[in-house]
Amino acid sequence: MRTGAAAGHVGYYHEAILFDSEEHLLAVVVPFLLGGVEAGEPAVVGFGARNAELVRRALPAGSGVTFLPGGDVYARPTSAIRAYRKLLAGYVAEGATQIRIVGELPPQTLGATWDWWARYEAAINHAYDDFPLWSMCAYDTRVASPQVLADVARTHPREARPDGSHLPIGDYTEPTSFLAEPRAMLLDPVQRTAPLVELTDPTAAEARAAVQAADRGQVPADDVEDLKVAVSEMVTNALRHGQPPTRMRLWSGPDRIVVTVQDRGDGPKDPYAGLLPAGDGATGGLGLWISHQSCNHVALHRHDDGFTVRLTAGNPYFPV
Amino acid sequence: MISESAPSAAYGHVCLAYDEPAALDARAVPFLAAGLAAGERVALIAPGSRDELARRLGRLPGRDAALRRGALRLLSIEQMYRSDAVIDPLAQVRAYDAATTEALAAGYAGLRVLAYATPLVRTPAQRDAFTRYEHLIDRFMRHRPMSAICAYDRRELGDAAIAELACMHPETNADVLFRLHATAGEAVVALGGELDPSNHRLFAAALDRADPRPADGRLVVDATGLRFVDHRSLLHLRDHARRHGATLVLRTAHPAAARLAELLDLPEVRVEVRR
Numbered sequence: 001m002r003t004g005a006a007a008g009h010v011g012y013y014h015e016a017i018l019f020d021s022e023e024h025l026l027a028v029v030v031p032f033l034l035g036g037v038e039a040g041e042p043a044v045v046g047f048g049a050r051n052a053e054l055v056r057r058a059l060p061a062g063s064g065v066t067f068l069p070g071g072d073v074y075a076r077p078t079s080a081i082r083a084y085r086k087l088l089a090g091y092v093a094e095g096a097t098q099i100r101i102v103g104e105l106p107p108q109t110l111g112a113t114w115d116w117w118a119r120y121e122a123a124i125n126h127a128y129d130d131f132p133l134w135s136m137c138a139y140d141t142r143v144a145s146p147q148v149l150a151d152v153a154r155t156h157p158r159e160a161r162p163d164g165s166h167l168p169i170g171d172y173t174e175p176t177s178f179l180a181e182p183r184a185m186l187l188d189p190v191q192r193t194a195p196l197v198e199l200t201d202p203t204a205a206e207a208r209a210a211v212q213a214a215d216r217g218q219v220p221a222d223d224v225e226d227l228k229v230a231v232s233e234m235v236t237n238a239l240r241h242g243q244p245p246t247r248m249r250l251w252s253g254p255d256r257i258v259v260t261v262q263d264r265g266d267g268p269k270d271p272y273a274g275l276l277p278a279g280d281g282a283t284g285g286l287g288l289w290i291s292h293q294s295c296n297h298v299a300l301h302r303h304d305d306g307f308t309v310r311l312t313a314g315n316p317y318f319p320v
Numbered sequence: 001m002i003s004e005s006a007p008s009a010a011y012g013h014v015c016l017a018y019d020e021p022a023a024l025d026a027r028a029v030p031f032l033a034a035g036l037a038a039g040e041r042v043a044l045i046a047p048g049s050r051d052e053l054a055r056r057l058g059r060l061p062g063r064d065a066a067l068r069r070g071a072l073r074l075l076s077i078e079q080m081y082r083s084d085a086v087i088d089p090l091a092q093v094r095a096y097d098a099a100t101t102e103a104l105a106a107g108y109a110g111l112r113v114l115a116y117a118t119p120l121v122r123t124p125a126q127r128d129a130f131t132r133y134e135h136l137i138d139r140f141m142r143h144r145p146m147s148a149i150c151a152y153d154r155r156e157l158g159d160a161a162i163a164e165l166a167c168m169h170p171e172t173n174a175d176v177l178f179r180l181h182a183t184a185g186e187a188v189v190a191l192g193g194e195l196d197p198s199n200h201r202l203f204a205a206a207l208d209r210a211d212p213r214p215a216d217g218r219l220v221v222d223a224t225g226l227r228f229v230d231h232r233s234l235l236h237l238r239d240h241a242r243r244h245g246a247t248l249v250l251r252t253a254h255p256a257a258a259r260l261a262e263l264l265d266l267p268e269v270r271v272e273v274r275r
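First to last, the protein sequences are chains L and S.
Counting from 1, one number per residue, gives the positions in the first sequence under the UniProt record's numbering.
Counting from 1, one number per residue, gives the positions in the second sequence under the UniProt record's numbering.
Warning: the hint list may mix true and false statements.
Facing chain S, a subset of chain L residues (Cβ under 8 Å, in silico) [stated by the list, open to error]:
hint, residue
1, Arg50
2, Thr200
3, Thr203
4, Ala205
5, Asp222
6, Glu225
7, Asp226
8, Val229
9, Gln293
Derived from the structure by calculation, the hints contain no laboratory data.
Ideal Cβ positions, reconstructed from N, Cα and C, are used throughout, including at glycine.
Generate the whole structure from the sequences, applying the supplied hints.
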């Protein structure tokens with residue numbers, strides 16, 4: 001039996017908290033968590049250090065609420081989906097009839113890399129829907145940009161308010177529609193310079209060699225290796241599934257390597273491509289999903305004359 | 001006898017793809033001359049009559065004396081095989097085992113062979129058998145004092161067929177991205193080069209032909225010579241191990257392979273990173 005606002009709901013009950021004060025945040029979160037504990041449901045907090053401490057102090061001692069360690073779960077969206085699905089499957093295996101989670105993205109995700117987190121927020125409506133999950137994603141409206149807040153409204157079916165209400169959000173858009181929309185790709189400042197490498201129809205091996213040659217130690221060695229994996233997969237996808245010509249461009253910045261792979265095709269047909277594994281691996285379809293977990297940012301951009309994927313190793317953040 | 005601990009360079013099993021027979025003959029002479037100088041019995045196996053074969057080695061120092069005393073043998077491929085022969089891999093290895101034993105018994109330091117094997121690999125069925133043999137003889141050479149150059153005519157076979165053969169050798173001049181070959185120690189097979197989407201079907205075929213078998217439930221693969229491995233090839237290896245009821249143990253210098261195995265959640269795969 002599910003309890004609270006999600007009682008009777010099947011699958012994922014996904015809400016946003018759009019708070020503008022600590023009081024606002026606590027007024028939603030504390031009763032939500034304590035209601036879960038009281039009902040014998042796992043109640044989990046995935047907040048950054050500051051707000052986790054705020055909630056911890058507002059809860060009674062030994063409240064039974066679980067605090068996830070650190071903000072690591074929100075390093076990369078696809079990894080977050082994997083980690084949460086594992087966590088949820090574990091709770092269900094232990095007999096949970098509902099799991100309550102409040103989460104918060106780290107502030108840096110609300111900038112240059114927001115696009116893949118917007119895709120995450122849309123995709124999880126589907127990706128977590130096979131679990132009896134009631135979760136709230138907290139956004140500080142004093143910090144988040146209008147663009148971020150617009151995407152939050154379009155990816156969360158409901159808003160949880162401090163007065164205890166749970167109101168449908170009119171802007172909510174089905175994930176398959178949201179994910180199919182063209183998404184602007186913010187230009188990394190390094191892309192304003194001439195690319196270090198520009199290859200037309202490279203083999204995957206040539207593309208990997210170009211990444212290797214661009215390694216000047218500006219990015220950890222493991223990240224360069226992982227970028228090679230991603231570039232190899234993206235070039236292969238473009239050559240196999242895209243329309244010629246395939247162009248690979250590489251830029252090297254002081255703290256990052258940025259690679260774009262572009263072709264004249266329409267890009268992946270699967271709206272969840274990259275966020276969820278497609279196929280069983282043996283038949284292909286895993287390349288974009290692996291790339292999303294091998295890079296610090298992956299931007300997908302459909303444009304008039306084709307499809308571009310941009311992969312970033314090293315620091316993916318720049319002022320927007 | 002080459003010891004178990006000898007570095008892989010101590011055994012020679014080379015695939016040479018050639019476009020000009022004359023260029024290959026120029027390479028054959030020093031290869032065979034070095035064998036004679038090292039006290040080995042050497043053999044040339046090639047199409048053509050015995051006289052034609054002898055002429056190809058016209059520049060080999062001491063050719064006639066070596067022929068007379070049996071240190072140099074000339075074997076016409078037409079006399080050994082039917083033109084469409086599909087070789088029996090195990091019988092072929094047994095024959096070289098006997099020839100190596102005979103050479104040692106006659107006081108030679110070992111056996112060195114140059115084989116122009118194109119007539120034996122023209123059809124897919126011939127190549128399937130011959131690539132299996134190539135791996136078996138590779139294992140044999142890893143442990144016994146035999147070395148060989150396997151020469152294939154690229155103009156006649158084409159790049160795809162050459163790749164099928166070349167990837168089964170530890171060394172080659174052919175343009176193949178990966179190599180699968182024998183090794184010593186705990187690992188049952190070694191991989192070199194790069195495994196990626198461009199060659200994963202070729203790799204799956206090579207793995208099937210080499211058919212490495214696990215020991216104690218573990219299929220240990222020495223991938224320290226591998227510069228890149230993608231998830232498809234990792235899955236081929238996992239599937240091969242699984243067919244034999246074993247766990248794959250992949251020894252590599254690249255932690256990226258370990259992260260791939262973790263991402264794909266492959267419990268039957270253990271990646272051991274050795275930097």
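Now the hints, each set against the structure:
1. Contact between Arg50 of chain L and chain S, as hinted, is not supported at the beta carbon level, the nearest pair being about 31 Å apart and thus beyond 8 Å.
2. The beta carbon of Thr200 of chain L is not positioned within 8 Å of any beta carbon in chain S (closest approach about 17 Å), and the interface hint is therefore violated.
3. Among the interface hints, the one on Thr203 of chain L holds; its C-beta lies about 6 Å from the nearest C-beta in chain S, closer than the 8 Å criterion.
4. With a cut of 8 Å, the hint placing Ala205 of chain L at the interface with chain S holds, because the nearest CB-to-CB distance is about 6 Å.
5. At a threshold of 8 Å, the smallest CB-CB gap from Asp222 of chain L to chain S is about 6 Å, leaving the interface hint in force.
6. Satisfaction of the interface hint for Glu225 of chain L is found here, the shortest Cβ-Cβ separation to chain S being roughly 4 Å, below the 8 Å cut-off.
7. A hinted interface residue such as Asp226 of chain L counts as satisfied when its beta carbon comes closer than 8 Å to some beta carbon of chain S; here the least separation is about 6 Å, so the hint holds.
8. Hint status for Val229 of chain L: holds, given a least beta-carbon distance of 6 Å to chain S, under 8 Å.
9. The interface hint given for Gln293 of chain L is met, as the beta carbon of that residue sits about 6 Å from the closest beta carbon of chain S, less than 8 Å.
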